[in-house]
Amino acid sequence: MILEGSARIFGNNIDTDLIIAARYLAETDQTELGKNLFRDLRPNFLNEMKKGDIIVAGNNFGCGSSREHAPLAIKGAGISAVVANSFARIFFRNAINVGLPIFVTSENLDSIEEGNIISVNALDGTLVNKTKNKTYKFDPYPEFLLNLVEIGGLFNFTKNRLEAGAKNA
Amino acid sequence: MGKTIAEKIFSKHSNKDVKSGDYTLAKVDIVLVNDITGPLSVMEFQKLGNIKVFDKEKIAIICDHFTPNKDIKSAQNVKMLRNFAKDQDIKHFYEPGHVGIEHVMVPELGLARPGYLIIGADSHTCTYGALNAFSTGVGSTDAGMAMATGDTWFRVPPSFKVEVVGKQKKWISGKDVVLHLIGKIGVEGANYFALEFCGEGLKNLSIDDRFTISNMAIECGGKAGIFNYDSITEQYLKDLGIKTPDYVEADKDAKYENSIKIDLDVLDYTVSLPFSPDNTTNINKLEKTYVDQVVIGSCTNGRISDLRIAAEIISNNKVKDGLRVIVLPGSPKVYLEALREGLIEKFILAGAAVSTPTCGPCLGGHMGILAEDEVCVSTTNRNFIGRMGHPKSKVILASPAVAAASALTGYITSPEEVI
Chain A
40 MILEGSARIF GNNIDTDLII AARYLAETDQ TELGKNLFRD LRPNFLNEMK
90 KGDIIVAGNN FGCGSSREHA PLAIKGAGIS AVVANSFARI FFRNAINVGL
140 PIFVTSENLD SIEEGNIISV NALDGTLVNK TKNKTYKFDP YPEFLLNLVE
190 IGGLFNFTKN RLEAGAKNA
Chain B
-13 MGKTIAEKIF SKHSNKDVKS GDYTLAKVDI VLVNDITGPL SVMEFQKLGN
37 IKVFDKEKIA IICDHFTPNK DIKSAQNVKM LRNFAKDQDI KHFYEPGHVG
87 IEHVMVPELG LARPGYLIIG ADSHTCTYGA LNAFSTGVGS TDAGMAMATG
137 DTWFRVPPSF KVEVVGKQKK WISGKDVVLH LIGKIGVEGA NYFALEFCGE
187 GLKNLSIDDR FTISNMAIEC GGKAGIFNYD SITEQYLKDL GIKTPDYVEA
237 DKDAKYENSI KIDLDVLDYT VSLPFSPDNT TNINKLEKTY VDQVVIGSCT
287 NGRISDLRIA AEIISNNKVK DGLRVIVLPG SPKVYLEALR EGLIEKFILA
337 GAAVSTPTCG PCLGGHMGIL AEDEVCVSTT NRNFIGRMGH PKSKVILASP
387 AVAAASALTG YITSPEEVI
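Residue numbers (my numbering), protein chains in the order written: chain A, 40 to 208; chain B, -13 to 405.
Among the clues, some could well be false.
Said to hold, decoys possible - Below 16 Å or equal to it, Euclidean Cα-Cα: the simulated EDC-like pairs (lysine to aspartate or glutamate) are:
#1 B/LYS189 - B/GLU220
#2 B/LYS59 - A/ASP68
#3 B/LYS59 - A/GLU71
No lab work stands behind these hints: they were computed from the structure.
Extracted from the complex, chain A is given alone in its bound form (with noise of 0.2 Å):
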């Protein structure tokens, strides 16, 4: 999987009310929940970004509430994918569990600045800042993570589970 798109910058700590504010929770369709991805913190934010942009971020990514709307929310705006150098560990199952392909990465991102165009390759493990020709390693998926996103995240493993005759099968 090679995903690529501009890079779109975001600090440390971005919590989940920042991704998708508490008043939009009612609601629970991903296109709709993407229409007010990070309102209250970039109000122009959907504007300026494009359909496959990449978002890049610092520490804790995700922190705060368990929101699975805030990872529906971001790949309903049309985001890629995001590139942090860490992730709050409820946000961080929600993007594996609704298919929102995320990395972690111990490499100092700062020199990636807003508009370059990045292309992350989840094979090789490595994201390439195009516009400045520069390359980073992410962490390898510890390889229980790995099988859960090759079969296509929690629903599919635990409706492979109930077929093989776990309970309630």
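Following the hints, put chain B in place on chain A, whose structure we already have.
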């Protein structure tokens, strides 16, 4: 090598020996959802086919966030959950008349017990660590799938030991303890860790103080905030009719990846300034900070002892002119106790509004939204940008004692200043 409480609970629920860092499928004792996260869980569950939940007595659907339903979409969501609960014969479905804030209510119902493994599609599910359970927040899909299988995957977390020593002075509460802790280690200081609370100082922390502390473990990234079991836990459970629970102790040689000591002797009133729970200060270091609204309630501080403290300070006084004070008892049980003890009357005579139990303003849902540039001192748990309303409003997190004292003066105030 000895085991932490977290490692022991995961080993028991995985039916194999696991240690920190291991991935495991573990059985869960309770699966919890609310009216925001539940609809997504149910939609995912229903996509699995025409199946039954794994155990209709081990699922709790608590409609507390936007209830009493604040708009048509919220009403539709609760209707969908109500129908699902009926179809599946779910024992624990609650809406107004019977509903409290989930993390106040689940312990009251006896659904959280020592040694349990609990997941909830709400980040403050970590609250039940106060009762020596491993309980943690997950997403809607996680909860929806666990409703089908009765288990889910976990990475067993490393543990972060919090040793509590000393004895706090009057009016200092669990809220000051946890805000102090978050200020010390930062909002991701315990990311992916299980906080484990121990030490001789625990005997000075009531069960409600502990609920408050465990509740906010997530605000420093904690996956759980688990207390040692002791006579205080035992008494609380006994009052609920739960005897001799299967509690869990850490081994003497358990391995902790980090540790911190908190000395209650020197703890002062602690508040978190906008826009992060770790932006803490002691109130004696604070310039005069005026507020427009005071909120007393939430899954963090909506329990009976929180209301007792607030009522004692507010009693026979008047809320400062021009200030709005909103008190939200955390559950019908808390509301009734407060009513019978005369606390509700004290609040109303002082000029405070008393609400039905709801998460309400804490997450900017309803029942107390802030306008542009307004400031609220609140006993809730988050002060992110726009958390309680307008993106240019501000929330300052504080204990019930500080919130109540501030209600009388209109600025952030210590209880001593008004008593």
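Consistency of the hints with the structure:
1. B/LYS189 - B/GLU220: Satisfied, since the Cα-Cα distance of roughly 12 Å is no more than 16 Å.
2. B/LYS59 - A/ASP68: This hinted pair holds, its Cα atoms lying about 12 Å apart.
3. B/LYS59 - A/GLU71: holds, 13 Å
Hint check: no violations occur; every hint is consistent with the structure.
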